[in-house]
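Mind the numbering: the first sequence is residues 32 to 506 in our numbering, read in order.
Each hint should be verified, as a subset may be incorrect.
[Said to hold, decoys possible] The list that follows gives simulated cross-link-like pairs (lysine-lysine, BS3-like), each with its CA atoms no further than 30 Å apart:
1. K78 to K275
2. K79 to K185
3. K99 to K363
4. K134 to K91
5. K185 to K78
6. K336 to K274
7. K91 to K390
8. K435 to K420
[Unchecked claim] Pairwise CB distance ranges (calculated):
9. D271 to S374: 43 to 53 Å
10. K154 to M32: 47 to 57 Å
11. T44 to L119: 17 to 27 Å
12. T44 to E151: 27 to 37 Å
Don't read these hints as lab results, they were simulated from the structure.
Because the structure is a prediction, the values reported are computed rather than measured.
Note that beta-carbon positions come from the ideal geometry of N, C-alpha and C, so glycine has one too.
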Amino acid sequence: MKPVRTRFAPSPTGYLHVGGIRTALFAWLVARQAGGEFVLRFEDTDKKREVEGSREHLIKSLHTLGLKHDEGPDIGGQFGPYVQSERLASYHKWAQMLIDAGKAYADPYTPEQVQQFREEAQKAKKPFLYRNHRPTDPPKWDGTMPLRFKSEPKDYQWHDAVMGDMHAGAEAIDDFILIKSDGYPTYNFAHIIDDREMQISHIIRGQEFIASQPNYLNLYEALEFEVPILATVPHILGPDGKKKLSKRDGAKDVLDYFREGYLQEAMLNFIASLGWNDGTEQEIFIAQELIEKFSLDRVQRAGAKFDESRLLWMNGTWIRGLNLGELYERSKDFWPESSRQASDDYKKQVLSLIQERLKYFAEIPQLTDFFFTDLPVDMQLIDGNKQLKKFEHAELKGLLEQAKASLEASDFSAADLAERLNVLLEQTGQKPGVLFSLIRIASTQAPSSPGLAETLAVLGQETSLRRIDATLQAL
RNA sequence: GGCCCCUUCGUCUAGUGGUCCAGGACGUCAGGUUCUCAUCCUGAAGAUCGCGGGUUCGACUCCCGCAGGGGUCACCA
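Sequences and hints are given; from them, build the entire structure.
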């Protein structure tokens, strides 16, 4: 049994979205499960499409999700370099071997001529096959023309760890380009050489490569390479459920989710369970469980739609599961401006009150602002309240005066406050819906808040009474 | 158009011939938890298993056809 070595091989052409990161996650899980290596490789053979800074961005995305690679451009490894543009000598060496064996030849046509062949095929409603135009006496390859693979078309059957048994006819095989006229290899050629030289055991990649697989098999044969285990992962579809999730259609950068305060664990859990399950009814998985339970053959063959509401739920579940100290550490960048002067201890008290209503950290400001600053008295909160609007302001004022008197005598522990609120209920003969709403609105000026007694306890006596006074004056 | 892949509640899915007039989760709706929001709990609606044939005593599960969706047919990956 060969050691398991998986790879994630993005081209540095931008950021990583949820669909891309899932392929990386699966590769990482397979490696970790087997105690193998997870390799990062940059496929930068298209210099025109390269985006400045995307290499760092890609690495950061991977690491933020906890997908640490064992070998890669930034950390090296014994099979480097891990950047295709630095491996040109290798591609040319193998290309020369193919030429010598009569299995590769120079493409004498201009791009315009090839394009014309393509259009003719299209017009005839036939698939375009370059090999139908294969030159009988190609010139010697001097590096200024593309180098093409001289294919040997035939039927193929192969096994895919996700898709199962696959097959394709000889018509799927063509003379594809190995080396472009700029001297760089195509993906089709380079990845095969790299995977061989880096001793990659599993190729886990997106569905867009399925149609090329017969070509690759043909090339493996010509090169006399062993074919790695193949696993084709279906695309994640956008919310419209049609097209694959793509940057062009506004798919979010995974780092954007972290900027909004999604937890790494939730994201990992969500992405893994999009199109994969362990056969039980378990929904929440920690990374270690994913490593233990993941298997390629339980990955769905159909593409799954990206459902953000499920991610939101999952993130809330993970937030609720964190202990307070951990939650506080993670949420530090998300507190509102108004909290700047507040102590860590105070903020932790606030956090414990909102923990169960928090779905992602970017909500913290709107959930907590009133804990840090006196909001202006908004009579609409009272006049628009379905319980309170039935009362005259004078009546409400009387109720609030009674409440104030009781609160003035409280030690402001949550227990004492709860007790006093109960007594007030009896004394005034009012329903909680009336009395509590009134006090809550007066002391927070927020449309919603955590439980009344706890909120008052955290706000403290001085602040609570000051706000109640402000409301009394407005009534 | 050729080739290839896919098709179970709105969404993610369980399901490998009878235990499925289809189970779970998200979402939605209703009720409960002394106020709001959220959590939590309970309940409800929601899939004639894409359609049509067959095989079988019996099919979501096997076979054939069809339709729909997707991928691909680049000197992009």
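Checked hints:
| no. | hint | verdict |
| --- | --- | --- |
| 1 | K78 to K275 | 25 Å, holds |
| 2 | K79 to K185 | 34 Å, violated |
| 3 | K99 to K363 | 24 Å, holds |
| 4 | K134 to K91 | 41 Å, violated |
| 5 | K185 to K78 | 34 Å, violated |
| 6 | K336 to K274 | 9 Å, holds |
| 7 | K91 to K390 | 24 Å, holds |
| 8 | K435 to K420 | 21 Å, holds |
| 9 | D271 to S374: 43 to 53 Å | 47 Å, holds |
| 10 | K154 to M32: 47 to 57 Å | 51 Å, holds |
| 11 | T44 to L119: 17 to 27 Å | 19 Å, holds |
| 12 | T44 to E151: 27 to 37 Å | 32 Å, holds |
When held up to the earlier numbered hints, the structure conflicts with 2, 4 and 5 and fits the remainder.
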